[in-house]
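Top line first, the protein sequences correspond to chains A and B. Numbering-wise (this note's numbering), the first sequence opens with residue 1 and increments by one. Numbering-wise (this note's numbering), the second sequence opens with residue 1 and increments by one.
Mixed in with the good hints, there may be bad ones.
Reference listing, derived: stretches of chain B covered by chain A, where coverage requires no fewer than 3 residues with Cβ under 8 Å from a Cβ of chain A [said to hold, decoys possible]:
1) 5-17
2) 20-31
3) 34-47
Hints were generated in silico from the structure; no laboratory data involved. Think of the CB as a built atom: it goes at the ideal place given N, C-alpha and C, for glycine as much as any other residue.
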Amino acid sequence: MKSQTIRRWSVVHTWTSLICTLFLLLLAVTGLPLIFHHEIDHLLGNTPELKQMPAGTPHLDLQQLVKAAEAYRPGEVMQYFGWDDDTPDGVTAIMAATAGTEPNSSHTFMLDARTGEAFETPSANGGFMMLMLRLHTDMYAGTPGMLFLGFMGVLFVVAIVSGVVLYAPFMRRLKFASVRQDKSTRVRWLDLHNLIGVVTLTWTLVVGLTGVINACADLVIAAWRNDSLAAMIAPYRDAPPLLQRAAATRLLEIAETATPGMKADFIAFPGTRFSSEHHYAVVMKGATHLTSHLLTPVLIDASNLQVTAIVDRPWYMSALVMSQPLHFGDYGGMPMKVLWAVLDVLTIIVLGSGVYLWWVRRRAARVPRGELAQ
Amino acid sequence: MKKKSQFWKTFAAPGWIALLTAIGLFAALLGDGAWDFLSWLGLGIPAVLSVRGLLGRKA
């Protein structure tokens, strides 16, 4: 590589890194507890303990659960019901002042599907873990905040790529993984920066890129509403507002009949961003490991419970939903979470050593040549 | 030819590690059990190599 080329890549690496480092540190530090949010919620007592009942106790039907939720939060309306394989007898309920209320102003709690009893889930509505999550996703600045952090993620990816290019000239005379311990502190950290940076390359690229995709979630969902949903609900555009909504009782059976072999992940009640003013959307997921991340919404007319459509999932919606496990590291058991945390800490070390190396070189550049020679 | 061999001398080891990590990240999406194990292996390699470098002291 010509020295001119190296210098250019070096400028790219230095400045993309420096600009994003502070925010990447914030993301890496807040991301650490988020990897273990399930376990931390358990420890803090934020996970509802449903009553012990004989196995196979029948569940209430959906309309009874809607009634239970509405009785628990009078004056609010249903937005979502969600299911989680870890708590088969619980249903997560999300309610708000209006169906269209933005997610951060909603209230999340859990219903016992057998009794309709409501349980608070404090960490879904506030507290330490919510603080971590908000700092990690939008810094309390909504969609602009998400997009800003997404842009920092793009800079991070450019820094990684330019770092790989610069790896070649630095390692020309060195064996892989050699860390020169007998030279200066700067040389030791340079070698460590190169070693850790290059071996964690795939992980940082995947977590970086999926983070960027997740940061664009609001735009992606809006595009999906425009491209896929709009055409299907077009016939309802001039329909009068829905006054009487058909009971939710049979929604799951209707959706399961429409999509054989799939099961419900969540239900969006009419008026949310995953449904329409005139439809329930039962969002189904595949039954296999891989397809369990891919979601297929079934639109059900909320006045007569006819299936209006099974909504397409364009490629960008698949990219969004696959970006979640690949960013969260929650799909390979506890050992994966621990490795995710280790790699996260290693990323912090690469960021920190990068700033250190920049600082030392800058200082060296200011020292007169004579002093350097000794 | 000399140039090419220099490239592989530098990038052979990091390339294999990058590939194994990618296989690991993808494996756990496909299933449990052996697939999970494969992902721990793929993610374990960069973790172990890094920690070894950090702990290494002058002999």
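Against the structure, the hints:
1. 5-17: That given contact holds, which follows from 8 residues of the region 5-17 of chain B lying within Cβ reach (below 8 Å) of chain A.
2. 20-31: holds (count 7)
3. 34-47: holds (count 9)
Against the hints set out earlier in the document, no violation occurs for any number.
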